[in-house]
Amino acid sequence: MSLTPEQVQQVAHLARLELNAEMVPTYAQQISNILAMVDQLSAADTQGVSPMAHPLGLTQRLRPDVVTEPNRREAYQAHAPAVEDGLFLVPKVIE
Amino acid sequence: MHTLSLNELAAGLKARKFSSRELTQHYLTRIAERDGALNSYVTVTPEIALAQADAADARLARGEAGALTGIPLAQKDIFCTEGVRTACGSKMLDKFIAPYDATIVKKLHAEAGMPLLGKLNMDEFAMGSSNETSFYGPVKNPWDLGRVPGGSSGGSVACVAAGLAPVATATDTGGSIRQPAAFTNLTGIKPTYGRVSRYGMIAFASSLDQAGVVARSAEDAALVLQAMSGFDPLDSTSLERPVDDLVAGLGASIKGLKIGLPKEYFADGMSAAVRAGVESAIAQLKTLGVEFREISLPNAPLSVPTYYVVAPAEASSNLARFDGVRYGHRSVEARNLEELYKKSRGEGFGAEVQRRIMIGTYVLSHGYYDAYYLQAQKVRKLIYEDFKRAYTEVDLILAPSTTDVAFPFGDKSDDPVAMYLNDIYTIAANLAGIPAMSLPCGFSEGLPVGFQLMGNYFDEGRLLNVAHQFQLATDFHRATPKGF
Amino acid sequence: MSSIPAGWEAVIGLEVHCQLLTKTKIFSGASTTYGAEPNTQADAVTLGLPGVLPVLNREAVTMAVKFGLSVDAKIAETCVFARKHYFYPDLPKGYQISQYELPIVEQGHLDIEVDGVAKRIGITRAHLEEDAGKSLHDAFPGFTGIDLNRAGTPLIEIVSEPDIRNSAEAVAYLKKLHQLVVALGVCDGNMQEGSFRCDANVSVRKPGAPFGTRTETKNINSFRYVQQAIDYEIERQIEVIEAGGKINQETRLFNPDTGETRAMRSKENANDYRYFPDPDLLPVVVTAADQERIRASMPELPAAKKARFESQYGLSAYDANLLTSESALADYYETVVKVSGAEAKTCANWVTGDLLAALNKSGKAIEDSPISATQLAGLVARIADKTISGKIAKDVFEAMLAGEGDADAIIKAKGLVQITDEGAIAAAIDAIIAGNPQQVADYRGGKDKLFGFFVGQAMKATQGKANPEALNRILKEKLAG
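Chains as they are written, first to last, in UniProt numbering: chain D, 1 to 95; chain B, 1 to 484; chain Z, 1 to 481.
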């Protein structure tokens, strides 16, 4: 599997990354090399094998429905890039 | 003082040979004088360290000290520390002052009473094997300043190896504790997945990440790992199982212990220096009564490709939160929302992180998920089953930690695949979630060589004891780099 | 409600987002109270700070299971949380924790009725997920403000089969669903605050043809808007196709001011959500024993309650349906029956008649009724024991509504106790007969209709307090001579 510079740009868009234009061909080459290495996986016989998402076969623990978190807005917004009246600001969104 | 073991330091503190303040100041002075050459710290926290040292001295005076109270420690800059910048090696978080403490930060500083010396350099978001991807510049290997210390926990190993901290935390997603420990003559352990809380540890690949310790001996590592471990209700993947007494377990005999040598790990691939080191370690362990047998982990060669699907997939998702909205780097060039995202993330992340985000995004995207991500999760299961089977035959597994000794800067930095293959021996333990460690077994032309021990689930106690028995019989781990 | 033109058929599926009534968020211990100051309920986990981890709220799981059991669905023994990725400022982590391949609830159904015709609507699935925050577009010029208080509130997204064919069925389904989740106590049902909101997937086709391309109209927050949005969308799609155009698969927004829908600009049409199992959360197991424990804790559901009201109280289907439409109303009714000891049908008449009319008039919910169930029971009891007549009771009811107190106090204060002393009634009647000889003669001569005149006179003489039954009987006797 190899990626063209255009495909790299598409993936970068999906991941919301603005790439340095000069780097795009390099990325395309490097990612293609990595995918070529990864392609070894296709040779593995995994018929009937269930996928493993977690190292331990444990199940989810459940938390009691009790309020434990106080209001810490000031601390959490102290270093936020843009805040006004307690709201985080972003450039105007048009729906 | 900086050559003493943690037990010796604790004894000195209890006997009032020196105070925690004096000990802490000693390290702060060494950092100020010597870290310029290494770049192992990104933030030094003298005020916090001395205040915590004073608190430790008060505890010592009251007779309320634990095994580690008063002994300073440095934290990998991946753990959130309230009020202290937590940058994770990235421009993205260069101005991020964490508003909360990671669980292990609470355990080690507030509970165990270890003064925080500072935050340690690392590969950006722990993605790297050489510490060359850090926004704060590479860390140098104290054994040879022209060589890498390994990664991603490069700052952790460099500072401990150079005596700029008695011990340090580290994290291991694919070998980030064991490979740098091997490159710097240290003992580093990654426990069973779930043993140490991940709460407050900035996520790289959630199903693989595990915190651990780098230390100058197995005994030191056991002491600190004991203090870090344990159930945390804030982490859904935390183990509820009680932790063994790792320190008490260090006395047991290892006679008759069965250790497996996976043939796939001893095929071509390791350098002569590493082969010689590992073979001498095997010979040494035989003299201690250990029995060796060849085993097979047939799917082990697929660890690297499996890892380079699973880890980037999880990373691409974990790093989506860095968008310049609530914290972290925000581009000043953005004119609209899409630019805010793209420019903030484009400027905030370095090349290796961008590369892995793109790989991860690609393997999860429509049409590729089954071929890459799902297939990798299935191969991961095969790798796990290999280990399960092996541990019905043997108690532990021994393997090389690295293919070679520490390499020079720039050697692999333009070739990601070559860099990734560097982790060929360490990755499988993360995929399976088993505990694994690296410890010193010799030198080649003045550069340290390490070997790896992998244990069954929850068996870090036995792992540390074998390492401890080995270190009682050998002196490699006592060697320190010239000039430090 | 506009009808669908002949030769066309609409295919509608609804996705309902229902906020669960937990005290805390689905993955953290931050409060979910509505209306707090912006971002004061956005804790570290809600904000998606680096290093934080989710831990699942037990109550959210319990509520989802309750819902599943109430629609006869299968409860998954193991369900899995997945991450759904997209970038939007009110989604703090860049992904929403949701469920994808293995939802907690699958294959249920809900029975609705439109114009007396019953229909079963399939429920494909219901899954647990976290809500997003709110974007405030008008707070600051040039900027959108982000409030993450709502982010992380537990939701169940209930997905119907495309079994719905018109807006009337859609509204009937939604109302039934709304009634159910409120009765279960898993949702407050407040549509204005967004606790219960609906996305409508609509397509049109010629009957028998394959499904047409569908549009999804998002976040419709009233029953009337759902009806308007669906009607608009059906009409628009038919017009487009009949004009030779094609329907785009797209996300649309409903504008309540115009009753129209329009395509959204900000959502990409080719989203690639890159779902994968959330590695921070483990598989959730709900055992058969858990299910039974949860089932035992469930309140009686509207359908069962309706059937019980018909059999236990002998009510008509209409009354039973009305009284069980809200659990608070059903509780009110049952209190009236129990406390008054009166006939169930009489109680039903008072509740569905005078009480609901009064509440309707003042725009009050049953929970805010100025007359409590015990108070109304007190009134009905006085009718049953003949202390007052049904007619006097209407006056007492008005006085109670005006806040003048309990029935007994009003009856006493106003001297409204019924005269049951037959001697007194007979004396009053004697006086009337004596005072109206002409009318008596006419009556006895065959003018039966004059009986009413004597009743009126007698009531007037007793200030309406004479027991009507005794009065009628004695009057008849006396007039007969």
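Incorrect hints may have been included.
As the list claims (entries may be wrong) - Heads up, simulated DSS-like pairs for lysine-lysine below, C-alpha to C-alpha not over 27 Å straight-line: (1) Z/Lys412 to Z/Lys460; (2) D/Lys92 to Z/Lys412; (3) B/Lys378 to Z/Lys84; (4) D/Lys92 to B/Lys91.
Worth flagging that the hints you see were computed from the coordinates, not collected in a lab.
Here is what the structure says about each hint:
no. : hint                 : in the structure
1   : Z/Lys412 to Z/Lys460 : 19 Å, holds
2   : D/Lys92 to Z/Lys412  : 67 Å, violated
3   : B/Lys378 to Z/Lys84  : 21 Å, holds
4   : D/Lys92 to B/Lys91   : 26 Å, holds
Going through the hint list in order, the structure does not satisfy hint 2, though it satisfies all others.
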